[in-house]
Every structure is written in structure tokens, then in C-alpha cells.
Amino acid sequence: MSSQIIVTGVNKVFRTPEKDVVALKDINITIEPGQFVCLLGPSGCGKSTLLNAVAGFSLPSSGTITASGVPVTGPGPERGMVFQEYALFPWMTVAQNIAFGLEVKGLGKAEIAAKVDSLLDTLSLKDFRNRYPKDLSGGMRQRVAIARVLALDSPIMLMDEPFGALDALTRRNLQDELLRIWKAFGKTILFVTHSIEESIYLADRIVVMTYRPGTIKRDQWVDIPRPRDPADPAFNELKRELGRLVMEEQQRHAADELKLAAVD
Amino acid sequence: MKRFKTILHGLIVPVILLVIWEACARAGLVSEVVLPAPSAVALKWWQSLLPAQPFDPAAGTYLAWAFSGELLHDAYASMFRVLVGFAIGAGLALPAGLLMGANPRIYDLFNPLVQVLRPIPPIAYIPLAILWFGLGNPPSFFLISLGAFFPVLMNTIAGVRHVDGIYLRAARNLGVKPLTMFTRVILPAATPYILTGMRIGIGTAFIVVIVSEMIAVNDGLGFRILEAREFMWSDKIIAGMITIGLLGLALDVAMNTLNNYLLRWHRGLEH
Ligand SMILES: Nc1ncnc2c1ncn2[C@@H]1O[C@H](COP(=O)(O)OP(=O)(O)OP(=O)(O)O)[C@@H](O)[C@H]1O
Ligand SMILES: [Mg+2]
Chain A
1 MSSQIIVTGV NKVFRTPEKD VVALKDINIT IEPGQFVCLL GPSGCGKSTL LNAVAGFSLP
61 SSGTITASGV PVTGPGPERG MVFQEYALFP WMTVAQNIAF GLEVKGLGKA EIAAKVDSLL
121 DTLSLKDFRN RYPKDLSGGM RQRVAIARVL ALDSPIMLMD EPFGALDALT RRNLQDELLR
181 IWKAFGKTIL FVTHSIEESI YLADRIVVMT YRPGTIKRDQ WVDIPRPRDP ADPAFNELKR
241 ELGRLVMEEQ QRHAADELKL AAVD
Chain B
265 MKRFKTILHG LIVPVILLVI WEACARAGLV SEVVLPAPSA VALKWWQSLL PAQPFDPAAG
325 TYLAWAFSGE LLHDAYASMF RVLVGFAIGA GLALPAGLLM GANPRIYDLF NPLVQVLRPI
385 PPIAYIPLAI LWFGLGNPPS FFLISLGAFF PVLMNTIAGV RHVDGIYLRA ARNLGVKPLT
445 MFTRVILPAA TPYILTGMRI GIGTAFIVVI VSEMIAVNDG LGFRILEARE FMWSDKIIAG
505 MITIGLLGLA LDVAMNTLNN YLLRWHRGLE H
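Those protein sequence lines, which keep their order, are chains A and B. Every letter in the first sequence is one number past the one before it in my numbering, and letter 34, counting from 1, is 34. Every letter in the second sequence is one number past the one before it in my numbering, and letter 244, counting from 1, is 508.
A portion of the hints provided could be inaccurate.
Stated by the list, open to error - Some chain B residues judged to face chain A by a derived CB distance under 7 Å, without partners named: (1) Ile430; (2) Arg433; (3) Val440; (4) Pro452; (5) Trp529.
What the hints assert, rightly or not - Dumping the calculated DSSO-like pairs for lysine-lysine here, alpha-carbon to alpha-carbon at most 27 Å: (6) A:Lys126 x A:Lys105; (7) A:Lys105 x A:Lys115; (8) A:Lys115 x A:Lys134; (9) A:Lys25 x A:Lys239; (10) A:Lys126 x A:Lys183; (11) B:Lys441 x A:Lys109; (12) B:Lys441 x A:Lys105; (13) B:Lys441 x A:Lys115; (14) A:Lys105 x A:Lys183.
To be verified - What follows is a set of in silico ranges between Cβ atoms, one per label pair, in the way DEER data are often shown: (15) A:Pro17 x B:Leu510: 28 to 38 Å; (16) A:Leu59 x B:Arg369: 37 to 47 Å; (17) B:His426 x A:Val13: 23 to 33 Å.
Everything labelled a hint here was simulated from the structure, so no lab data went into it. Here a beta-carbon is modelled for each residue, glycine too, at the ideal position from N, C-alpha and C.
For reference, chain A alone in the conformation it holds in the complex (with noise of 0.2 Å):
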């Protein structure tokens, strides 16, 4: 099965009582199979709102969007969602919380606790397995959340600001972590940052967005070989770049946000 993401002419409103929101206008995107595609942009310029309609939370207004040759019209297991707020289910241990994805489909038993068990080894938490989400630090959440999404053999991975609640050091890891998991699972993975070091650090390709109108700005390639280094000159040469981008973008953001205020 190929694992292709196709996003043609895609366009989204919101309908509020006061205005329309247009979050997405005329986005088109192809996004190969094994692609690590990162979507950069400012806040509220609708990284979300393209990742919601990918994952089938959130349709389009008008556009389609198809993945591994079918169009998305709800969410589904072959399109695997990680959440920036983990949203492990808390009332599940770490292994009970892996497994769930398996028994929705219907896997055996003896097949669901040797995944769970292979899982738990690929993400280091084997010592956690029978603990409750809430005695979990957020970086071994992120890897529960992580191993989910990897139970379910999805080919295409959603992540939307995963470690974006991460102090440093953990992020890193957990970055590392989840390049090792791509090139060995040979994953597609659309992922948001709203941090230009970090998508410089991960993708492929980087995808920048206009504020409201949210529109492709920039779809840049990264040629710098991996592992890559931050304080490599080309990575900061990229940086500099992409920074001025978003900065523009910011600013309207900024604009905005003053313009609303004065309403207030």
C-alpha cells in the first residue's frame, strides 16, 4: 500500500457568529510515501485545522485530500494521530493503553501481548508498562502516545506539536527517538511545529504557512544530512531564512490579535 498524502485545492472555514474565519485557503500539497514533512508557521495560522482535516477530525470546506489512494472521510487507524495533550486514556495502564488500537481490530491475544511487548522494548518502557499515565513524566507519556500509534502499523504517522510541552533535553531525545522509528518503520510523517530549529532538526521538507488566509508561503527542502547539527553553518543559514519567514507571519498574527484588542 503506498502511503501518498494528496491535498488538492483544500479550503476551511469556521463559521462564528461575529465572522468567517477562513483557516485554509487553496492548499495543495503531495506528500510522497516515507516523506517527514513538518508544517511551520505562527500560532493560529491553521497547522491544526490542515492536520485535523488529514487525519479526518475536521473536514475540509471544499477540496479533497486522499491518503494511500483513498479519500479521507473520517478519522481511522491506517492514519495515526499523536496529540500535543498525549491523550493517553487515563483509567488504562501503559501496556493496556498500546493494546487497545489491537483489540479494536481484533488482533489475538498472544499477538496483542507480543506487539505490546515489542513496543514496550522499541520506546524503552518495558520498567513502565503496568503504571497509570498520571505517575508518568511527559516525555514517557509522549513515548506511550508514540507506541499507539505504532501498534496500529498505520503507514501515515499525524503528529501536532508533540513535543511542544517538552523541556529540552527530553524533546531532543524524543526527536532522535522518533527519526530512528521513521527510517525503520519507514513511515510518512506530517508533523506541526510551530519551532523552526525543531523542524529544521526533522524534516525532509518544510512546509511554512501564511497567517489567515492560512496559505503555503514556502515549501522548502532540506538537503543537510542526517544527524543533523544546530550548529552546523548550512542549518543556520535555513534558520536565518525560515525565521524571516515566520516573522512576517507573526507579525500579522501580532497585528491582528492589536486590531482585536482595540475592539475589545
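Dock chain B with the ligands against the given chain A, drawing on the hints supplied.
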């Protein structure tokens, strides 16, 4: 050692009060009918705990004899009514609450009725309960289940309605179908609310059982203390009240233990 000190500390006020009470009673400051000495109450409590007849192997087993005391019989009768009534009330409220919480149509259909009925105290149903069910246990069961029904219903509805959308989204992403969503996601997510409702419900049930026993049956702790009043046995009344208090405490401890076990995953319960 620390624990021992805390317990000792907690005993100071009750012991002082008991000593004053005993002194007043012995000095004849208050009539025995108004306020019997604590020692008399304790003695009465102990007497009614023990079997009234000497052990007779022909009449039954030793165990049956050991539990034949009036107090134990009454405590058992009251507890039985609470548990049956609660099981009926909560057993109906739980599925009703799940349905009303999950389905806005059903909610809109039944909510007005619930809002009208809910404020009527179960005790106001006593006359109707007797007309409908006559005497004996059935009216008690009816009243107690009413007392348990509404707290469980309201909290279950609230619990289902307050399930965090992120869990629903995560579950839909995993490919969960509606039935599994209900049993494995919505129900567990709502348990903190449901258990709160059950706790309030069993408290109400316990109040209602005492009142209902004062009207339609001839055993149980409520009946016993009312009966004692007719003979002006205030020591027996107070002994009965203390038993009611102890049973209430036991129910609360039991609910708390269940709560802690079922919600061991819950954030708010770290010790
Ligand atoms: N349900 C909604 N109703 C109305 N407006 C919405 C809704 N969801 C999002 N928006 C608006 O759409 C725009 C894009 O939102 P989105 O959440 O996609 O931004 P984002 O890029 O993910 O931002 P952040 O970095 O803060 O997560 C924002 O201006 C937001 O106010
Ligand atoms: Mg977002």
C-alpha cells in the same frame, strides 16, 4: 508513634464530654429520661447486642444464636433495606443516566420530567408509598430507591456529558466503534462522577431507611428507636442512634474503599 499521638489527640474532646455528661447524670442534674448516663447507654447497647436467650442447641446453630441479639437483627434489617433499595435505585439510574448523557434527543425528552421530580424529597412520597405498596418492606424499598435514584442519575448524566473530547478523538483515531466507545471510553471516563453520585445516593438511602422504618415495618433501627420512645427508654434510643451512626460510618468507609480502588488511575487520588 505519630499515628498513636494523633489518635490520642482526637480522643481528648470526646472523653471530656463523656466525663461531664456522666458526672451530670450521676449528680442527678438531669432526669434519667431526658439524658441517661453514658454508662447506662453503653450497658444497654451491649445488652441488646447479645442474644436475649441462653444458647440452646435444639433451637439452632451456635452462629445463629450468637447473632440473634435484637441490635444485630435490627442492624441487619436496616442494612438489607438500604442495599436492596440502593441496588434498585442505582441500577435503574445508571443506564438511564448513560442514555440521557450520551443522547441529546433522549435527554431533551426526559430532562423536564426529571427536573420536576428531582426536588421532591423521597420522604414526601411516604403516603403514596403506603397506598401503593401497603406495609412491610416494599414501601421502604421504593422510598430508598427513590433516594438513591436521582443523585446517581444526575451525576451519571454530568459524567457522560463532561467526557473530554480528546479521549473521543483519540479513540476514533484508533478505529473504535460506537459500542466499544461507550464501554471502554465513555463509561470509565465518567466513573469519577458516577461514584460521586453513588456516594451521595447511599447517604440519602441511609437517611430514608431510618424514616421509612418509622412508618411501615416492625424491625430495623428506625423502628426500634421509635418504639423505645413509647416506653421512654432514652438509653435505648441513644444506643440505637449510636448504632445508626456506626453503620453510616461503615457504609462511608466501604464506599471510600471502593472509590479508591476503582479510581486508582485518577490524578486527584495520590496519597
Ligand atoms: N472550531 C473553530 N471555530 C472557529 N475558528 C477556529 C476553529 N478552529 C480554529 N479556528 C481558527 O482557525 C485558525 C487556525 O487555527 P489552528 O488551530 O489550525 O491554528 P494553528 O496553526 O494550529 O495554531 P497553534 O500553533 O496555536 O496551534 C485560527 O485563527 C483559529 O482561531
Ligand atoms: Mg495547533
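Consistency of the hints with the structure:
1. Of the supplied interface hints, the one on Ile430 (chain B) holds, with its beta-carbon coming within about 5 Å of a beta-carbon of chain A, less than 7 Å.
2. Because the closest C-beta pair between Arg433 (chain B) and chain A is about 6 Å apart, less than 7 Å, the hint holds.
3. Satisfaction of the interface hint for Val440 (chain B) is found here, the shortest Cβ-Cβ separation to chain A being roughly 5 Å, below the 7 Å cut-off.
4. At its closest, the beta carbon of Pro452 (chain B) sits 4 Å from a beta carbon of chain A; the interface hint therefore holds under the 7 Å criterion.
5. Given hint, Trp529 (chain B) at the interface with chain A, holds; its Cβ is 4 Å from that chain's nearest Cβ, closer than 7 Å.
6. Between Lys126 (chain A) and Lys105 (chain A) the alpha-carbon distance is near 23 Å, which keeps this suggested pair within the 27 Å criterion.
7. Taking the CA atoms of Lys105 (chain A) and Lys115 (chain A), the gap is about 13 Å. The hint holds against a cut of 27 Å.
8. Annotation: proposed proximity of Lys115 (chain A) to Lys134 (chain A) holds, straight-line Cα distance about 24 Å (limit 27 Å).
9. Note on Lys25 (chain A) and Lys239 (chain A): the hinted pairing holds, with a Cα-Cα distance of about 26 Å set against a maximum of 27 Å.
10. Between Lys126 (chain A) and Lys183 (chain A) the alpha-carbon distance is near 22 Å, which keeps this suggested pair within the 27 Å criterion.
11. Restraint check for Lys441 (chain B) and Lys109 (chain A): the C-alpha separation of about 19 Å stays at or below 27 Å, so the hint holds.
12. Under the criterion of a C-alpha separation no larger than 27 Å, the hint pairing Lys441 (chain B) with Lys105 (chain A) is consistent with the structure, at around 10 Å.
13. Pair hint Lys441 (chain B) plus Lys115 (chain A) holds up; C-alpha atoms about 22 Å apart against a cutoff of 27 Å.
14. Between Lys105 (chain A) and Lys183 (chain A) the CA atoms are separated by roughly 25 Å; this keeps the pair inside 27 Å, and the hint holds.
15. In this structure the hint that Pro17 (chain A) and Leu510 (chain B) lie 28 to 38 Å apart at CB is violated, the actual value being about 58 Å.
16. For Leu59 (chain A) paired with Arg369 (chain B), a C-beta distance near 24 Å fails the hint of 37 to 47 Å.
17. A hinted range of 23 to 33 Å holds for the C-beta pair His426 (chain B) and Val13 (chain A), which are about 29 Å apart.
Violated hints, in rising order: 15, 16; the structure is consistent with all others.
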